[in-house]
Each structure stands twice: as C-alpha cells, then as structure tokens.
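Based on these hints, arrange chain B on the given structure of chain A.
Read top to bottom, the protein sequences are chains A and B.
Our numbering applies: residue 1 is where the first sequence begins, and numbers increase by one.
Our numbering applies: residue 1 is where the second sequence begins, and numbers increase by one.
Hints are supplied without guarantee of correctness; some may be wrong.
Stretches of chain B that chain A covers, calculated by requiring three or more beta carbons in the stretch to come under 8 Å of a beta carbon on chain A [as the list claims (entries may be wrong)]: (1) 57 to 65; (2) 75 to 86; (3) 102 to 116.
Simulated DEER-style distance windows between Cβ atoms [as the list claims (entries may be wrong)]: (4) B:77 / A:302: 38 to 44 Å; (5) B:30 / A:254: 27 to 33 Å; (6) A:261 / B:27: 29 to 35 Å.
For the record, the hints were derived by calculation from the structure and aren't laboratory data.
Every residue, glycine too, gets a C-beta built ideally from N, C-alpha and C.
Below, each chain spelled out in residue letters.
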Amino acid sequence: MTVEEDLVPEVVPGAVPSDTLTVLGRVPEGASRDEVVAHLAEAARLVRRRDLQMVRAAGLGHIGGDFSVIDVLVTLYLHAMNVTPDQLDGPDRDRFILSKGHAAAALYTTLAMAGFLPQEQLRTFMQPESMLNGHPARTKIAAVEASTGPLGHGLPIAVGTAFAGKLDGSRRRTFVVTGDGELQEGSNWEALMTAGNHKLDHLCVIIDRNRLQQGARVADTNDLEPLADKLRAFGMEVVEVSGHDHSALLDVFAAVPAASGRPTAVIARTMKGHPISFMSDNVAWHHKVPSADQVEQALAELEAK
Amino acid sequence: MSTTTAPAPTLHDCRDAWVTTLIELAEADDRIVAVVNDSVGSSKLGPFQERFGERVVNVGIAEQDMVGVGAGLANGGKIPFVSAAACFLSARAMEQIKVDAAYSQHHMVLVGQSPGMAYGELGPTHHSIEDLAWMRVIPGLTVVVPCDPTETAQVLRWAAAHDGPVYVRIARMPVPDVNPEGYEFVPGKAVLLRAGADVTLAATGTAVHRALDAAELLAAEGIDARVLSVPTISPLDSEAIIAAVRETAGIVTAEEALTSGLGGAIAELLATRHPAPMRFIGATTFAPTGSVGWLMEHFGITGTGIAAAAKDLLGR
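So here's chain B without its partners, still in its complex pose:
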C-alpha cells in the first residue's frame, strides 16, 4: 500500500444516483412510473416530477394503498418504482409486499429510502434496521442493497428490466465510490473487493466501505482480510460465501441494520452447508438517541469495530 496519505474520498448520497437513473429510465420507457406516499421530497424525486409530472402517482400518506396501487399499475402494463422511507414502506405495507408484490410476482420495484439509521436523532420509529431481515425471508422477492452510486444506478437499471419484484435499499448516509471502474452488478453475486486468506469481512450497503477500512487496519497488524461486498441479500451468493469460509478462518458480517439481515442470511446458509466461526456487526437493539454517525460508532459499524470483531474471531 502507498504510504502517502490519500485525500479524503468524495462522499455521495445515493439518492442522487437514484433520481438521475430513474429519469434516464423514464426517458427511454414510458411504462416507468413512480409511486410515492407524499415522499417526493424525501425520495429526491423533484427533478423527476418536473419532467414526468403525470407519471408520479402520489397516494398521500397511505403505504398499504401505495404498494397495492403499484401492483395494479403493473397489472395495467406499467413498471412501478414504489419509493418511500424504508421504515414505512417495509413495515406499514408488509402484507402488500408479501402478497401483492412477491406472491403475485409482479414486475415492480420497491425502493426503500433513507434506510438503516439514516434518520439518526429522529429515533427508532424512523429507523429501518429491521427491513433486511423482514424482506429477505419473503419468498420470491429479490433484495438488493447497493453500496455506492455506480451500483445504485446499475441495480435500478437491472430491476427496471427484471420481470419480478425487487426491494432496493437506497443509502442516504453518504458513501464513497467503492466499486472499481468497469464494475458490473450481477444479481445474486457477491463482489470480491479485496483478496485475503486470514478472515472474511462480508458487508452490504453503507458498511462496505467500512469493511474496506477494517481490512486496512487489519493489514497494519499483519492480518490478511478478504472483503466481500454482498449487494444481493436474497438470493444470497452461496458459492462465494462458502468459498470464503473454506479459504479463510471465518466471516465477520457488517450492515447498517439488525444483524439478522445479511448476518442472519449467511448464518442460515453456513449452519447447513459449512459451519464456520462468525461475528456479527450491526444494530442489536433499538437505537438510543443520537446522530447517524454517532449511532454507527455506538454499534461498532466502523472500520475499527469490524476490525475488532475480526481479531476476536481469530483469537487475537
């Protein structure tokens, strides 16, 4: 590694990539519509609304209606992007997501905005730490968590073309560019961001760049950590995960969510296919009051926290 101090990376709000991509998709395909619950502002859909006003279906503060209407729009030949704060979309409309989207296998995209603990001080009512655990257990629903703007755009383009229901979690907490130039998102595939033979750090969304930070810290201590970015929580890339535990001592999972999301998914896989030591980094309780940055520190969803879990796994 270079010994010079790298400049601080530019950070991005992935919602900007979301709205830019949705506008591109809508320009190319008039079936694309946005369905919102008074969430034009929080979804940063202002520029989309200016361009395609009549293609914004705003049902007001009514999440069950919002997802049902999305399914109906799909029945009517549209490709709905149902966009709302992840906390309300996932919890308030859970049965509609289960029945109207997943069981019905409608071509629709559920877009969970400002997820995890992005709403910081607003508290656990507005946090969406449960969504990954809830969404990943619904059969037939693809669950994707992009980790940077490039991946956000690619996932949305893929979902627009994919004839089935998809839940996409869009980060509000700023993230750096993580994936290398030329990266192409492949649904259901994990991404090897850093090779390593001692321990595996498997992370998703806003935790991916933190796992890379952890690998740097571990390298300084002579620990060779592999970093797997796992954008698709369901279906999980079982091959990459199992290869990782065969080739390293175990897995530390990291996510801006309850550890039953990515962590739970990997634990279920390994329990039956290849039991291996694991550590889980993520939220474990409703959050105390605090900013999102403070909360990430509180739960140890940081380079330092992930590195500490890896050392604990290795007994160092």
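Next comes chain A alone, as it looks inside the complex:
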C-alpha cells in the first residue's frame, strides 16, 4: 500500500464512540517516585485513547506523530514544568512550544489532562469554529504559547522566549519539541546558532526522534546524522533518552538547565504510532485515519497496557 492510499476513510458519526477523558490532573505534590511514574503512565494511556477517538471522529489528524510525542508532553505538563492553569499569565511560568504543530491532538488532549482546557472541548476537534484547529493557535487557546504548523517556526520562537527570560534574569525554562524531519528546515539551525552563541541555558530543545517523516524514513530523505554531534557543534548540551520512558524523561527535564551556558538538546528516541502494534514505526501512519476495526484493536491494545 502506498502512503497516500486510504488516508481519510468515511466517518459515520454514530459509529464513533463519543468518549470523555478522565482528567487526572498534575501529579499530586509529595507523590513518591513510583507514584509519579504510575500517574504519568496512566495519563499517557488515557491521552492516547482519547487522541485515537478524536482523530477517528474528525476523520483527520496525525496519529503517528501524536503517539510518538505524548509521553514527552504528559511528563512535561503533568510534572516537569512549572506551569499551572491558574498562572497562565505568570511571567515566570515555564514555557512550552509544540513546534511540530501537526501533533495538535496530542497537545490538546494533554492540555485537557492537565486541566488547561475543558475536556468537553476535545469533542470539537477540527469542527467548524472550534478552538481546536488542526494546528494549535495561541489566539484560540490561552495555554498555547505559540501558533505553529509550518515546520521550523517553534524553535526560533522558543529562542526569543528564552532570550527574554535571560534579559529578565528569570529562572523560567522554555521547552520546545521539534520533529526530527522538521530539522531539515534551515530556520532551526539559524535558531540553534543563536541559542548556542547567546548561551541560553534555560532553553531545552526536545527532538522527537521517531526517524520517520511524512513520506519516508528521515534517513532515506535527507539524513540528520550525526545529529548529536551537530547539536554539540552548535553549542548544545546533548542528552539522549528513550522518549517513551517517563522515569528517564523526568530525570532529564529535572536537570534543565543541564549545563551552565549551554542550552539542552534532548534527543528523545521514539516510535511513530507507539505502542500500537500495527502503527508503530510504520511510515503509513503519519496522517492516516484508523478504520472502526483499527480503532477497536488499538483501544484493546491500550487497555492491555
């Protein structure tokens, strides 16, 4: 099957389970390490479940890239970042920017899970007049720090945000997630140069290294390797981690700023479509919409986790 086939099967509205999201909220203060990890794992499972149904209901979405980045998002929003729904205007809040804006459903579901967005809104994903556009917009959702979608925008914005923090002597951190294919856009390397030269050590660039882009493997398209060496050459402190290991991600994010005078670059090794058997590491699932049977199978696999 080619990648372009069968992207948008006809959706029968009544056949779509109109699920709700059980909102777990941030990890409670004082939770033990095991409790933190268990909370994040369950949140990630619920976020994937809801994301799957949203994409199915909308008949549109980018489920492969959603599932590769959800563990990073959940770890950041439910524990690692210093930002809560009641301090969205706080100047010293940690910032998050999803540069790979096509993973919007993953962001929206995570924001709902963390209490930044009423979970009922998730039903409106990509519906007319919804605040949940196919790519996130800061003018539509208060918790969205930057409007993204075209690739190569989020990282320069994050550099500006981090620069402002440095000028203010703020301890706030700026996290930005880029795709790996996205790093083919030259604007990212302009921004990395700026970040390194200006020693923006409160900036954390997370690369969702799922090794796939829309049409093919990154390595077969315009390869990034040796990625860690390139990032180091641009002045980054490079950390490599499994992007699906909540415990490991917690340690990495807690350590930011990881090196004085050097921004942190996290290469998060992930699988597109993780952990669904028929989606995982499969280039066909960039923006394919699951059939009703595939939704059932995927839900069953998530249930068994």
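For chain B alone, coordinates are given in the frame of chain A:
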C-alpha cells in the same frame, strides 16, 4: 500661492527619527528591544546600541530566526522592534511574518528599512518594491508608511503601544517635512494635505511630497487637485477614499513601490464600493540599473509624472 521662490526645503533621512524615537521609547519602557540581522549600521541603530547594548538582539544574517525570535521575545513580555532592510525582512521571513507575527497577533513591530528603490544601483535584489503588496494582504497586520520624520516618530510611538503586529516602512530616500505643525497620526486614517475638487492624488511615503509638487504643477494649469496622504495601507481609510472619488473625477495613486501596493489596495476597494477612473504611479517592473533619483524619474514617481497621470485621467 506666493509668487516668490520658496527656499529649497530641508530633506531628512527618516531613519534618524526612527532611532531617536526608539531611544526615547526604550528610556521610558524597559520592555523595548531591537532585533536585527547584522543590521545595526543599516538601521542606524548605533546610538541605540551604545545606550542599550544588551537590548539589541543580533541574530546575524538570519531573517527567519530574527522574526521568530521577535515573536518569542513578545511571548516573554518584551516589545520587539524587528529592524532590517525591507527587502530581506519582507521576502526572506514572509512565513514568519504571516504566522509568528500576524496570525499569532503578537505585539511586535516589523521595521522595514531602506525600502522601495533606496538602494538604487545595487539593483532589484536589494530593492523592496514588493513589500507593500505582500504585507497588505496578510490578515491582521497593520501596514504603515510614514512620509516624513514627524510621522515616522508618531507611528513608532503608536506601534509601541499597540497590542498587535505592525509593519512600518521607514524611508531612507530623503524627504522634506510634509505634515503641518500639530499633526497627529491616527492609524487607519488618511490625511487631507490639500483640498481640491477636480482630481485626487493619493500617495504614501516618499511619494507624498511628490504628489504635493504635482498639485502645484496642476494648479498652474488650472486643475484643482486634492492630495491625500495615506500612511496606513492596511487597514485602508475607505471613507476618505470613497469621499474623494465622489467629490473628484478619480484617483491617481503614487508610491515608491509596485503599483499593487497602495494602488492595488485602493483599486480593490473602489471596484466593489465605488468604481471610478484611476491611474497608477509606481514601479511596474524590476528596475533597470540606476540611482534612486534616476529610478524615480524612470518610473515617473515625480511631480511631473504624477501630474501627467492626473491630466491623462481628466482627458487633458
């Protein structure tokens, strides 16, 4: 009119008003920062850099990064003035202007320096004749072209206080003082510089004083030309434009840009609201090699050229 020969007016580089105003703004508000692409010199920001060195964010020759960083600085609570040669700012960072500034509705000021054909002999790669046409079609982006130093300063003060994205085009080609004493810039409003009932000359930026020259030439031939200065290209002052075509025979537009800038904007408005005869003065092709003064003559962006277009419109 007086019959004595008036002394030649003093001409100004509007970049001087730009940097003076930015320093005043920065003194009063520590959120003001300048973002540049190795353009401190070409933006005449030297005195600003001396005073506020750490508030100059120089990303080097990297325009996409420059505008994105500007948006991020706005997210971080700063008021960024992103200043670069208009040709590179508008074309090289077009998607960042669209998405990071306009679609995002960030409070940031994009400052297009040395626009139009100011770079003369350096040629069309360095001219910015397209920027008005490109910028004016981006939703949510206010586009302003001051015509003299006073207006330049007022527009910058307004933009610093305006919670939204603004593109300001700063003239490098010297211009005289045009607006009367006590003038106050109002965003979205055209300025009636000369009343007239026969034909309207609507001009922006460096073409405004040339339209006034044209009105003098026309007066000598018994033609009573109205002169409208149009600093805000988007949103356009539709009331003033429509009143002008109701009250005169038609409009000649004039700009140091492709005629799809101010001219195109007025034509779109009139096509749907009040069709009227028009003539367009501005660049129509990539420029041949020549100095800026020679190029203005070449494209007829002169008092004589504008007056000739007005007579053509009137069938005289």
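Okay, the hints, checked on the actual structure:
{"no.": "1", "hint": "57 to 65", "in the structure": "holds (count 6)"}
{"no.": "2", "hint": "75 to 86", "in the structure": "holds (count 5)"}
{"no.": "3", "hint": "102 to 116", "in the structure": "holds (count 3)"}
{"no.": "4", "hint": "B:77 / A:302: 38 to 44 Å", "in the structure": "40 Å, holds"}
{"no.": "5", "hint": "B:30 / A:254: 27 to 33 Å", "in the structure": "32 Å, holds"}
{"no.": "6", "hint": "A:261 / B:27: 29 to 35 Å", "in the structure": "31 Å, holds"}
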